[in-house]
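Number of protein chains: 2
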Amino acid sequence: MLQISKPVLLVDEAKCRNNIRQMKAKADAASVLYRPHFKTHQSGLIGEWFRESGTTAITVSSLSMARYFADHGWNDITIAFPVNPLELEGICSLAEKISLNILVESVDVIGQIEQHVHGATQRIGVFIKIDVGAGRTGILMSDTASVIALASAINNSPSLLLKGLLAHAGHTYKAKGKQAIEEIVSQATKGMHGLRKAIGNEKLILSWGDTPSCSMATNLEGFDEWRPGNFVFYDVMQYHIGSCSLDQVAVAMACPVVAVHPARNQAVIYGGAIHFSKELIRADNAFELFGYVVRINDQGWSTPLSGAWLGSLSQEHGIVNLPADVCHKLKPGDILGILPIHSCLAVSAMRNLSSVTGLAIPCMK
Amino acid sequence: MLQISKPVLLVDEAKCRNNIRQMKAKADAASVLYRPHFKTHQSGLIGEWFRESGTTAITVSSLSMARYFADHGWNDITIAFPVNPLELEGICSLAEKISLNILVESVDVIGQIEQHVHGATQRIGVFIKIDVGAGRTGILMSDTASVIALASAINNSPSLLLKGLLAHAGHTYKAKGKQAIEEIVSQATKGMHGLRKAIGNEKLILSWGDTPSCSMATNLEGFDEWRPGNFVFYDVMQYHIGSCSLDQVAVAMACPVVAVHPARNQAVIYGGAIHFSKELIRADNAFELFGYVVRINDQGWSTPLSGAWLGSLSQEHGIVNLPADVCHKLKPGDILGILPIHSCLAVSAMRNLSSVTGLAIPCMK
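Going down the list, the sequences are from chains A and B. What the first sequence shows, in the numbering used here, is residues 1 to 365, in sequence order. What the second sequence shows, in the numbering used here, is residues 366 to 730, in sequence order.
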């Protein structure tokens, strides 16, 4: 039985395993390579749940994370982050031990990589990052000339092996509904296929990531590889996008109630920005939402309480708005659960998770 | 010489020590008790810099932090957070070793505390939390009857010693300028003195915290104790409030540049929400600011680059907007520094700091 005395990020193992199984089944049905992103859970133990479901290749977002999962027996890893020239020493060392892929979006870094490659027992896999509209990283999908030039530079390198083109459609997070997301997928499919044809190597892998499209879109058949990550836990933001039901959200922060203010129908919880980060959903009317409120029980947690929400966060405090009848019965020392807005950031802030039965689920430090 | 290969939160020791000295001098000049809040730096080493400047009593925001600093030799600590009934075992144990003060705002918890007090070699100090307008925690300043009732319950407890009334004017963070802040101080002074008189014990300490007012207000003479915290580092938010100059900001995140996009005058840095948290300043025109941009050098960092700002954050990426001439000269592998919006959250996200010369500054885990 779990003893809670301060904020604990609980994982519902059954929900989590179900999310893992469902996405794997969807990928299998589509006959794609499956390389889930492990940045959301950052946990060796949860990695094992993926392995049990048949996962063999993974995505991470930093060299540190690649090392952590390599230490946990993963030997086929893509670091889906523009290669950091200041970590090439470590990247090259790791690439001698496992099959490692990196992301490149500029010819400039090719020379820098060359300088760090040692004996080169095996070549480092490279994906060219394509910006399919998110506007964050990558070569613009319309800039065929730059993609061809970079592909050529990679092909000319004895240390590098061009594996494919990789996109992260971060703009699906701002899309309104399934149809808008499928429109993004459709445009990206056309553009990425065009680029592959322009490079002239039909073996190149077209790699696609992001939980909203992998959860909702039914037109992902044009891509060869999927890299969703957040779906392992989902969260309130994914629910708002339409990627999941609230019942699929597999993490909840258990927080002690430290003050109750019936006059304003609010409770203060021990649970703040250092536990949740400060991700929020802001409605057009300036309403701010930092999480939904649930009741913790021995089996996990309830459905969200109607009319209850986490409305503000300071460093260690959270203020929860509650219906009058709930608020009046609450007292300091009770526990409320919060479904987080962004599970990746809550995990990263907490670093350690717990099952609802009290089993420690350690994460990368 | 410091080697930077991934995000590092740098501390400028000279600026930090200067901030520490200045606030101590202001407190000494005002002849108040001085109990700085250590939640911003969370570091045993930086605690020593305070000790060298004459600090003997401190404030923290959790039992974990109280234990950490007790282990670092601090023996007069206030946990400025509503007492958490689920941690009373640990609180009572710690109170047997050091002089410990807690915050209470409801009669309900008095009985819960009583049940956990052991041999009680010494009484636990109690401050009653007063809400002077921030609307987060505490008894409303206007609710004299509740304050008197709670003071009476504390006085009747053989385990507790009523030490004073404590306020945190969190609403100074939203005040516009020095005059508005002094107005808040003035009203709170009047209200807190009235409450002390109503309780009938003029020895009670009136305790006051928050960096904006302790930095700017010149009418704090009505309070007996000050508990500012953020001033140790300051940050961009404090600069916007008017608490400090940008030159006083004593932390900067050094971040590798991993991609440069001259077409949109942006660079992508390795440095995201897991390093900065997601605190932002949002202007009325929806402009979003996540930090100012500086150049890192051997002595620390430059003044902020004109026309440059950190404009968005995802998990590990930051997007920096730059003037064209700066952007065109930048390349992957360069390093940019970022002055954070909220230094407390950046420290909490990073957990370890470094001096500009590479000296490790460990923090609470």
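Rather than coming from a laboratory, the hints here were simulated on the basis of the structure. Watch out, some of these pointers could steer you wrong.
[Said to hold, decoys possible] Derived list of chain A stretches under chain B, where covered just means 3 residues or more per stretch with a C-beta under 8 Å from a C-beta of chain B:
#, stretch
1, 46-52
2, 315-325
[Claimed, not checked] Here are the simulated lysine-lysine pairs, PhoX-like style, with alpha carbons at most 20 Å apart:
#, chain 1, residue 1, chain 2, residue 2
3, B, 562, B, 543
4, A, 178, A, 197
5, A, 26, A, 174
6, B, 380, B, 391
7, A, 365, B, 730
8, A, 365, B, 371
9, A, 6, B, 730
10, B, 391, B, 730
By construction, the Cβ of each residue, glycine as well, lies at the ideal position given by its N, Cα and C atoms.
The hints, checked one at a time:
1. 46-52: Coverage by chain B is violated here, the residue count being 0 at a Cβ distance below 8 Å.
2. 315-325: holds (count 4)
3. 562/B <-> 543/B: Distance of about 28 Å is beyond 20 Å: violated.
4. 178/A <-> 197/A: Since the Cα atoms of residue 178/A and residue 197/A sit roughly 28 Å apart, the hinted pair is violated (cutoff 20 Å).
5. 26/A <-> 174/A: 23 Å, violated
6. 380/B <-> 391/B: 16 Å, holds
7. 365/A <-> 730/B: 10 Å, holds
8. 365/A <-> 371/B: 15 Å, holds
9. 6/A <-> 730/B: Roughly 15 Å between the alpha carbons, so the hint for residue 6/A and residue 730/B holds.
10. 391/B <-> 730/B: With Cα atoms ~32 Å apart, residue 391/B and residue 730/B exceed 20 Å; violated.
The structure fails hints 1, 3, 4, 5 and 10 (numbered hints given earlier, in ascending order).
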